[in-house]
Amino acid sequence: MVQSLGYLKETASQTAGPYVHIGCTPNFCGIEGVFPTDLGSGPLYNDKTKGERIKVRGFVYDGTGTALKDAMVEIWQADADGFYNSPSETRGKADPNFFGWGRQPGDMATGEFCFDTIKPGRVPFRDSDPRPMAPHILFWIVARGINIGLQTRMYFSDEETANAEDPILSRIEHQVRVPTLIGKRQGDTYRFDIHLQGPDETIFFDI
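Per UniProt numbering: the sequence shown = residues 1 to 207.
Everything labelled a hint here was simulated from the structure, so no lab data went into it. A portion of the hints provided could be inaccurate.
[As the list claims (entries may be wrong)] With a Cα cut of at most 25 Å, we get these calculated SDA-like pairs of lysine to any residue:
1. 55 - 158
2. 48 - 92
3. 119 - 157
4. 48 - 84
5. 119 - 138
6. 55 - 157
7. 184 - 92
8. 55 - 195
9. 55 - 99
10. 69 - 92
11. 55 - 188
12. 184 - 170
13. 55 - 169
14. 50 - 83
15. 55 - 168
16. 119 - 63
17. 184 - 152
18. 69 - 110
19. 184 - 38
20. 50 - 188
21. 119 - 38
Owing to the predicted nature of the structure, the values given are computational and were not obtained by experimental measurement.
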């Protein structure tokens with residue numbers, strides 16, 4: 001018997017909700033004993049890691065300028081010499097004491113996220129175009145109301161020369177929006193706020 005094509009319906013999609021934190025950061029949610037620590041939590045380095053220790057702090061703001069208190073942020077970056085901790089890294093050996101990836105939920109009271117990491121080195125644009133990109137950190141953001149995780153980058157305010165040479169930043173049509181990708185240095189901390197909408201909307205990348 002031929003099944004009616006209308007019998008099976010597409011499952012409704014749903015934005016990121018509380019299950020994101022329950023599944024990805026159970027200890028943060030108070031669900032302890034499943035894993036010793038939440039995957040990606042804590043510093044991205046240990047006492048043997050090469051490079052300058054820094055913090056990256058920020059908020060994820062909605063279109064009204066309100067900080068989201070249920071966002072989850074992941075970062076991915078190169079080590080101090082510009083190598084990724086990845087099996088696909090073929091240019092050289094990455095620092096075995098640097099993890100390169102982290103995950104943090106925003107503080108449930110304030111919404112602020114914070115990563116303890118190192119300042120990354122420069123990496124080539126691509127194999128066919130070895131121009132070095134400026135030091136940067138890749139960001140992935142999910143939260144209630146976001147259907148698909150958003151991708152962006154944070155560059156460094158004290159890398160003006162490298163930023164001016166960066167092949168990605170130079171391709172941005174509206175150069176007045178480049179500052180939305182720049183983390184501002186404050187001592188050993190870089191402040192990087194992410195705006196989902198509004199006049200200061202962060203540039204997001206279709207990756």
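Cross-check of the supplied hints:
no., hint, result
1, 55 - 158, "holds (14 Å)"
2, 48 - 92, "holds (19 Å)"
3, 119 - 157, "holds (12 Å)"
4, 48 - 84, "holds (17 Å)"
5, 119 - 138, "holds (12 Å)"
6, 55 - 157, "holds (14 Å)"
7, 184 - 92, "violated (30 Å)"
8, 55 - 195, "holds (19 Å)"
9, 55 - 99, "holds (15 Å)"
10, 69 - 92, "violated (39 Å)"
11, 55 - 188, "holds (6 Å)"
12, 184 - 170, "holds (19 Å)"
13, 55 - 169, "holds (23 Å)"
14, 50 - 83, "holds (12 Å)"
15, 55 - 168, "holds (24 Å)"
16, 119 - 63, "violated (30 Å)"
17, 184 - 152, "holds (16 Å)"
18, 69 - 110, "holds (6 Å)"
19, 184 - 38, "violated (28 Å)"
20, 50 - 188, "holds (16 Å)"
21, 119 - 38, "holds (23 Å)"
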